[in-house]
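Chemist: Keeping their order, the protein sequence lines are chains S and D. For the first sequence, counting from 1, position 252 maps to 252 in our numbering; every step adds exactly one. For the second sequence, counting from 1, position 138 maps to 394 in our numbering; every step adds exactly one.
Simulated from the structure, these hints should not be mistaken for laboratory data. Even for Gly, the Cβ is constructed at its ideal location relative to N, Cα and C. Do not take every clue at face value.
Claimed, not checked - Below, in silico cross-link-like pairs of lysine-lysine (PhoX-like), each with a Cα-Cα straight-line distance of 25 Å or less:
#1 S:Lys-167 <-> D:Lys-325
#2 S:Lys-195 <-> S:Lys-247
#3 S:Lys-190 <-> D:Lys-333
#4 S:Lys-88 <-> S:Lys-167
#5 D:Lys-325 <-> S:Lys-195
What the hints assert, rightly or not - Here are some of the chain S residues that sit facing chain D, going by a computed Cβ distance under 8 Å:
#6 Arg-49
#7 Asp-96
#8 Lys-167
#9 Leu-192
#10 Ser-203
#11 Val-211
#12 Ile-212
#13 Tyr-240
Unchecked claim - Using C-beta positions, here's what the derived DEER-type ranges look like:
#14 S:Lys-132 <-> D:Glu-322: 23 to 29 Å
#15 D:Glu-299 <-> S:Leu-18: 18 to 24 Å
#16 S:Glu-197 <-> D:Asp-351: 46 to 52 Å
#17 D:Lys-317 <-> S:Val-16: 25 to 31 Å
#18 S:Lys-132 <-> D:Phe-369: 30 to 36 Å
#19 D:Tyr-358 <-> S:Glu-197: 52 to 58 Å
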Amino acid sequence: MAAERGTAAEALVGQVVLPGDLLLLPAHYDEDAEGERLRLSAGAAPQGRLLCGPGLRRSGAGLLVTTCGLLRHRPGGGGAYWVDSQQKRYVPVKGDHVIGIVTAKAGDVFRLDVGGSEPASLSYLAFEGATKRNRPNVQVGDLIYGQFVVANKDMEPEMVCIDSSGKSSGMGLIGQDGFLFKVSLGLIRKLLAPKCEIIQELSQLYPFELVIGMNGRIWVKAKTIQQTLIIVNILEACEYMTAEQRKQALAKLSGN
Amino acid sequence: FMQRGLDSQTKKQLEEEEKKIISEEHWYLDVPDLKEKESCIIEERSFLRCEDLVYGRMSFKGFNPEIEKLMIQMNSKCKEEEIEEDDKMEADVSDEEMARRYETLVGTIGKKFLRKRDQRVLKDDDEDEDDEVEEGKSNTRPSKRAKKMFLKPQD
Numbered sequence: 001m002a003a004e005r006g007t008a009a010e011a012l013v014g015q016v017v018l019p020g021d022l023l024l025l026p027a028h029y030d031e032d033a034e035g036e037r038l039r040l041s042a043g044a045a046p047q048g049r050l051l052c053g054p055g056l057r058r059s060g061a062g063l064l065v066t067t068c069g070l071l072r073h074r075p076g077g078g079g080a081y082w083v084d085s086q087q088k089r090y091v092p093v094k095g096d097h098v099i100g101i102v103t104a105k106a107g108d109v110f111r112l113d114v115g116g117s118e119p120a121s122l123s124y125l126a127f128e129g130a131t132k133r134n135r136p137n138v139q140v141g142d143l144i145y146g147q148f149v150v151a152n153k154d155m156e157p158e159m160v161c162i163d164s165s166g167k168s169s170g171m172g173l174i175g176q177d178g179f180l181f182k183v184s185l186g187l188i189r190k191l192l193a194p195k196c197e198i199i200q201e202l203s204q205l206y207p208f209e210l211v212i213g214m215n216g217r218i219w220v221k222a223k224t225i226q227q228t229l230i231i232v233n234i235l236e237a238c239e240y241m242t243a244e245q246r247k248q249a250l251a252k253l254s255g256n
Numbered sequence: 257f258m259q260r261g262l263d264s265q266t267k268k269q270l271e272e273e274e275k276k277i278i279s280e281e282h283w284y285l286d287v288p289d290l291k292e293k294e295s296c297i298i299e300e301r302s303f304l305r306c307e308d309l310v311y312g313r314m315s316f317k318g319f320n321p322e323i324e325k326l327m328i329q330m331n332s333k334c335k336e337e338e339i340e341e342d343d344k345m346e347a348d349v350s351d352e353e354m355a356r357r358y359e360t361l362v363g364t365i366g367k368k369f370l371r372k373r374d375q376r377v378l379k380d381d382d383e384d385e386d387d388e389v390e391e392g393k394s395n396t397r398p399s400k401r402a403k404k405m406f407l408k409p410q411d
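Here chain S stands alone, though its shape is the one from the complex (with noise of 0.2 Å):
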């Protein structure tokens, strides 16, 4: 068993964790019959469940860290914890949008390679207002964006284009043109978290359009090869550029 103590899992939120270190929660989450008195009497108790996130495994009476990384916390709904680690490898999970390279038609199906171990399935009923009758035009190569909906490592993963609503919601087929590239999974999250500054300045510069893949795939089009081409330099610099060479670098673009 393990021998060392754990730490309580609030004190280490921000800071660096190692995978093997075992974090200590506050009681109220114990299943022990304690454990609910205390929560009773307790009164300041979170509702509901934490959420335990990637790079976390609960283990016991505490969670186990799996991957280095960052701790983040976020108190709302019952609370979460999750690693924030740097990686450019991506697995799929179940309910990512991510963009697909089509790769063959087996049938009624596509096969899409999305950057994971194993290539995934995609129907082609699962597009917006396709019948047997009415199928989309989609050939090897094309670029698609959908979500997961079975992604697990025993399985082969599913992908569709539509949500559960049968609506489209902007997945899809993505159009002509455009460049495709692969950034790490890090810089992904950043750029898809509200209100990122590297967005916002950069759609200050130009008109264009751009896909996120949580797979580490951007695409993006804009009205000039040139054009496209400073966008695809600047996010994939992004990632290892400051926050004052990044303007810099914007300053000079647009003063160009």
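Add chain D to chain S, keeping to what the hints say.
Modeler: Frame of chain S; chain D shown alone:
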């Protein structure tokens, strides 16, 4: 393997023996039932539920107007914690009137499929109900009326 000519007694004996054999072979757990502990921790592998991420498809400065509309829609859905929009489009017919129409519609179409006898019963019921409504009586259902007899025309 029921053989003819077997007495009923011997048959019963055979059946009982069979049952005994079967029940002995049935396995059962000797372990006391484990108490199921309600866990307060959910494991999640997706970042989507932990962080508040915006929608992945974006367009700026009017490059793709449909996507810009979508952006506003999706992001306002997230921010307002999915306040469901009741798509109350201005209806030509109000809800109450729809309900009234439907009420009578169901009756008229239902009558079409009734057989003759049922139709007569239905007619009696309808008249009773109408009378109730008109007279304003509540709860006192008039006793069954006598069937309508042939009325001699008065001279």
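Chemist: Next step is simple, just say for each hint if it's right about the structure.
Modeler: Going through the hints against the structure:
Under the criterion of a C-alpha separation no larger than 25 Å, the hint pairing Lys-167 of chain S with Lys-325 of chain D is consistent with the structure, at around 15 Å. In summary, the hint linking Lys-195 of chain S to Lys-247 of chain S is supported, as the alpha carbons are separated by about 16 Å, within the 25 Å threshold. Between Lys-190 of chain S and Lys-333 of chain D the CA atoms are separated by roughly 20 Å; this keeps the pair inside 25 Å, and the hint holds. Taken as a hint, the Lys-88 of chain S and Lys-167 of chain S pair is broken in the structure, with Cα atoms around 31 Å apart against an allowance of 25 Å.
For the given pair, Lys-325 of chain D sits about 18 Å from Lys-195 of chain S by alpha-carbon distance, which is consistent with the 25 Å threshold. Annotation: interface hint on Arg-49 of chain S holds; nearest CB of chain D at approximately 5 Å, less than 8 Å. Look at Asp-96 of chain S: its Cβ gets to within about 6 Å of chain D, closer than 8 Å, so that hint holds up. Below 8 Å, beta-carbon pairs count as interface contacts, and Lys-167 of chain S has none with chain D, the closest being about 10 Å; its hint is therefore violated.
The restraint placing Leu-192 of chain S at the interface with chain D holds, with a minimum CB-CB distance near 4 Å, inside the 8 Å limit. With 8 Å as the threshold, the beta carbon of Ser-203 of chain S comes within range of chain D, its nearest partner Cβ sitting at about 4 Å, so the hint holds. A distance limit of 8 Å between C-beta atoms decides the matter here; for Val-211 of chain S the minimum to chain D is near 5 Å, and the interface restraint holds. A hinted interface residue such as Ile-212 of chain S counts as satisfied when its beta carbon comes closer than 8 Å to some beta carbon of chain D; here the least separation is about 4 Å, so the hint holds.
With a cut of 8 Å, the hint placing Tyr-240 of chain S at the interface with chain D is violated, because the nearest CB-to-CB distance is about 22 Å. With their beta carbons about 27 Å apart, Lys-132 of chain S and Glu-322 of chain D fall inside the hinted range of 23 to 29 Å. As the Cβ distance of Glu-299 of chain D to Leu-18 of chain S is approximately 20 Å, the hint placing it in 18 to 24 Å holds. For Glu-197 of chain S paired with Asp-351 of chain D, a C-beta distance near 48 Å keeps the hint of 46 to 52 Å intact.
Taking 25 to 31 Å as the suggested C-beta distance range, the pair Lys-317 of chain D and Val-16 of chain S does not conform, at roughly 40 Å. Checking the proposed 30 to 36 Å range against Lys-132 of chain S and Phe-369 of chain D shows it holds: the Cβ atoms sit about 34 Å from each other. Taking 52 to 58 Å as the suggested C-beta distance range, the pair Tyr-358 of chain D and Glu-197 of chain S conforms, at roughly 55 Å.
Against the hints set out earlier in the document, violations occur for numbers 4, 8, 13 and 17.
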